[in-house]
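S.K.: The primary structure of each chain is shown beneath.
Number of protein chains: 2
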Amino acid sequence: MFLNSADPLYTEPADSRLIRESVEIYRNTKEIDVGSNRLNFDELSTAMDVALGKRPASLVVLNGEIVNVCTGETYAGGVAISGNRISKIGNVKQCVGERTVVVDAEGAYLVPGLIDTHIHIESTMLSMTRFAEAVLPRGTTSVMCDLHEVGLITGLRGIREIVEKGRELPFKEWLTVCFEVPMTPSKLETVGGHFSKAALMKMLTWPEAVGWDELSVPMLMSKSMDIVDKIACARKLGKVTDGPCGIVEDPDRVIPACVCAGVDYSHEGEWTTKGELEMLRNGMRVNFIEGGNVWMQNLKNQAKVITEHRVQARHISFATDDLSAEDIAERGHIDHHVRRAIEEGIDPISAIQMGTLNAAELFRIDHAIGSITPGRYADILFVRRLEEFKVHTTISMGRVVAKNGKMVIGLAKPRYTSVLMETVKLKRKLKPSDFLVRTKKNARTVRIQTLVSNEEVRGFRNGEAVLEVENGTILPSVQNDVVLIAIAERHTASGRISVGFASGLGLKMGAIGTTVAHDHHNLVLIGTNPSDMAFAGNEIARMHGGQIAVADGKVLDSIPLPIVGMMADIDVQTMAAKVKSMKETLRNIGCNLTHPFMHLSFFTGALTGWGWETGRYNITDKGWVDLESQKIIRPIVGVNERTS
Amino acid sequence: MFLNSADPLYTEPADSRLIRESVEIYRNTKEIDVGSNRLNFDELSTAMDVALGKRPASLVVLNGEIVNVCTGETYAGGVAISGNRISKIGNVKQCVGERTVVVDAEGAYLVPGLIDTHIHIESTMLSMTRFAEAVLPRGTTSVMCDLHEVGLITGLRGIREIVEKGRELPFKEWLTVCFEVPMTPSKLETVGGHFSKAALMKMLTWPEAVGWDELSVPMLMSKSMDIVDKIACARKLGKVTDGPCGIVEDPDRVIPACVCAGVDYSHEGEWTTKGELEMLRNGMRVNFIEGGNVWMQNLKNQAKVITEHRVQARHISFATDDLSAEDIAERGHIDHHVRRAIEEGIDPISAIQMGTLNAAELFRIDHAIGSITPGRYADILFVRRLEEFKVHTTISMGRVVAKNGKMVIGLAKPRYTSVLMETVKLKRKLKPSDFLVRTKKNARTVRIQTLVSNEEVRGFRNGEAVLEVENGTILPSVQNDVVLIAIAERHTASGRISVGFASGLGLKMGAIGTTVAHDHHNLVLIGTNPSDMAFAGNEIARMHGGQIAVADGKVLDSIPLPIVGMMADIDVQTMAAKVKSMKETLRNIGCNLTHPFMHLSFFTGALTGWGWETGRYNITDKGWVDLESQKIIRPIVGVNERTS
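For the record, the sequence lines run as chains A and B.
The opening position of the first sequence corresponds to residue 129 in the working numbering, with each subsequent residue numbered one higher.
The opening position of the second sequence corresponds to residue 129 in the working numbering, with each subsequent residue numbered one higher.
Simulated from the structure, these hints should not be mistaken for laboratory data.
The list treats identical chains as one, so a pair stands whether inside a single copy or across any two.
Taking lysine-lysine pairs in the DSS-like style, the calculated list, with each CA pair at most 30 Å apart, reads:
# : residue 1 : residue 2
1 : LYS402    : LYS428
2 : LYS708    : LYS682
3 : LYS221    : LYS351
4 : LYS221    : LYS402
5 : LYS182    : LYS402
6 : LYS432    : LYS221
7 : LYS759    : LYS315
8 : LYS750    : LYS555
Bound-form chain A, shown alone (with noise of 0.2 Å):
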């Protein structure tokens, strides 16, 4: 009865794969904890023997006030680091060598590194580089992205670049995987990474991957075996799935449903304090969500499940989704979530357990972060007052990276490949006559369909105009407000470019450019004239991405993003300087919109359904799409011909 490899119960099949493979990975790495850095065994060890006090530690942290998570309390004590990870807390003296760094934090309250559990790093503009640069002084040491728009540039292959040359900072960006890219896939537009089922599971199964993220109530509600598997595969892997976000209509029967079908949180919680009880309620645990400025601010009413409901908080997280650099500059990332919490009545204990061990709870990674107690990574703040909760240093992975609001350490410029690099495809250059609109030759007038911005949604209407037509050719109307506006694809040099209409910008003079655009990332271009709009397009090109204002041939303001045209890597105050100088020049240009080049990126393409105002029809690089039948049409509605 001994077992040996002849017992039938090795051969079957799937579990035996299943097993071999684990011994197989763990095996050649000596890997033992998932995470964008990882943990060998020589480091184990060498942390092991710290703790039992049969070595140094690199680092020792004493006279500090420990804010443990797991426990509640606080109570006085040091850290003894080992590399990046925690060996030891409490009583630490003894772990000082001679070679042993020492910080004496002098009496600070001691808080585990800050955790965003939702952000799409894409709309800060940063590179990753610059991102953690940015918020590691704010005391984040991880944040959850899923780099979707990434995806929908380089493909999968981007999005591992991003997250290899990550692992070389002291910071861990941890991936939740978008359930779906594109977000609304559609034939009517050119994306430059479609990703199947398989590539989507693929990245599930990748260490640093937690769990999936945007699925909503229609995809859910489709019950399509596509979403079983995907969900099951999470279960399977042990992590988690992000539901129905935002306000649910009926939700007394809507998120029930959503959790029944396998969901486990929602990256935005629910926005109104009653929806979000109900999610608390049902099993779900929840972010209270502050975006940036222009983006959703729903901590308000979401504490007062907290404040006024008096729910126990060990299921609530927080997130930001997306936000700008100047953001992040003028009021700081997680860090304001806590103050903020605080703010609302919430004790800091609760508003600190939110910001790092609910989160880490949430993606089943409590072993590697969340809290300050062996084996987790060293991610340590220090912090004066609790109630005040400023971040005066930041301990990340074993190193003090950041004191007084400003990093020590320098992050060397990250290196990457043309895959990222050079996402800028064009077949040729672009000349005048690419942004012409013609009709019938003897045209006198066209009433045309118009895209209409509608910045206080985020979004855009549909309206018409009638043109005048010179020679077949149908001209733009500056003086009421009716542009030219182009999609250029950018992906694989197709050479597409398609031309339409818009309204409601303002534009008077010159064209404006960007390569961020929602969920196609073609190049839009907007102008009063054909040759600006030429001009900023090969500009762009030029600069492998980015936004620009031109006008007579001149370039007026540029951010050159050139990280699949959608980042650079500049410092967070450059980048939020680069913004403000931005909406300047285009306010002097004609262009009157709050957030212009953030109202821009949703203001074309084929993406629906994602909660802002849409109308029916709208551009992209194959021409002008209606969204509800999913066709291609002709925008003109009328020609007013020459009685000639």
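Knowing the structure of chain A, use the given hints to seat chain B on it.
M.R.: Showing chain B alone in chain A's frame:
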């Protein structure tokens, strides 16, 4: 840049295997959950429809007061159930259809089904079915057991069979996989199942498996690659690892070192208040342990971390480890822990969370059990007064299974195969001559090493006795309390029998025998004469295992344990009565041990280092062994020869 199977990232070996397998498993089975009883796609779809009001529930509980362990609230509401899952909570009247079973809770509190996070059900001597029947009326709906005793007799096969049959029950049996089986592997004795590292890792991949258990401090401190691999495998699978239990020497250094090694929880916690606090502060999850009457009772000390040190309870749950049928019959199961915790001054909601949500979160299966929320198994208890915590109705997996302390449904007798039912394999019938201990023909007396009972510590010492020899046969000395002890190998029918001498048991006549003996579980026979020992052994073999007392060729009392020689399919009351009667019988033949067979189960064999007192020498089926040198030796230390 479109991703397809030609993408080089697809050929990365390890990940792609895993993803292929994940896809495959779920494509074939449509299963969406881990655990003993899985949810298939149709069930999922139905559960969603019930929540949405598109289909009536199978069972609805009305008029309850929901104890929502996720938010810490209690509020009026009901529960709608679809099959074995919860579909909706709160307002559920609209879920009642024509064929819906409606249960009126009459205002009772609705509490989630209770969870025992660590139990060896073998110690109850009840089959899984009768165990479930015993604890369901007490409110337990999930147990984590490792079944390693079964494994020691049958190998992986028998464990799998019990798990498979368990799926037919309205009860959830999860597995924690014993880290090493046998616990102290030894060539000095024969066991029925010796588990390779690969076999144990295979078990860990089973959907019912939630983690490793029974790691000891010495194992962890050894830092062997075996240990690293096993812990890494758990991390990879999203499962957890049990670590040091009970009183830890030098806790200030050893606890953090164990946590650095990858330990997540302690199934017994630390038995002292200080040690328990230390574990919690170090980020471990712990159990409050209240074993059977003769096992550990540590809740009183452990509870002080909450009542005196005021730590948050979220990382604390409950376990029994070992308990007898009598314990269950007399005091209950995890319901007893909840009552004890409340008695110690812990608030009822926290106590209930420890018995439910906290346990589920510990094992990262809070999507499946631990709260009355949608998608979870429909395990619901009715309790009139929380402070009293008396379960008067149990709904398990969507069915009312017990009312007023009694089952209201019958659980069919399990039909196990010979793998579990025919495990006492002797080469031939035992004969009295098998139990003769020979020495030199001319010896008059011998001085011989003995095994001395030390019931106080559940262990043994060694002693020496001077015994008379007749025709080369060493005679027991009943008047001096030195009797014969024998181990008959029963796993491989090798015919191996070894015989020695034991004292401290008080036996005055006849013989006793048992097939429960950790970790070898061979046939242990203790007797005043060879004939009764042979008779006792043959009777046990006829019963396919169990416990027996005989005298003068007659059976005085017996407990047949035909399931692996350790368990029987008889109800808890009958089992408790049998154990009581057997104690009485043993007392009548002079054996005054308080818990004779339980004591005997830890009396023989090569198992060492598990916390109870052991001497240097013991008896196994291979002979008299020196546990220190791990060699078989001769127990005779001196011979007094006849001068003829």
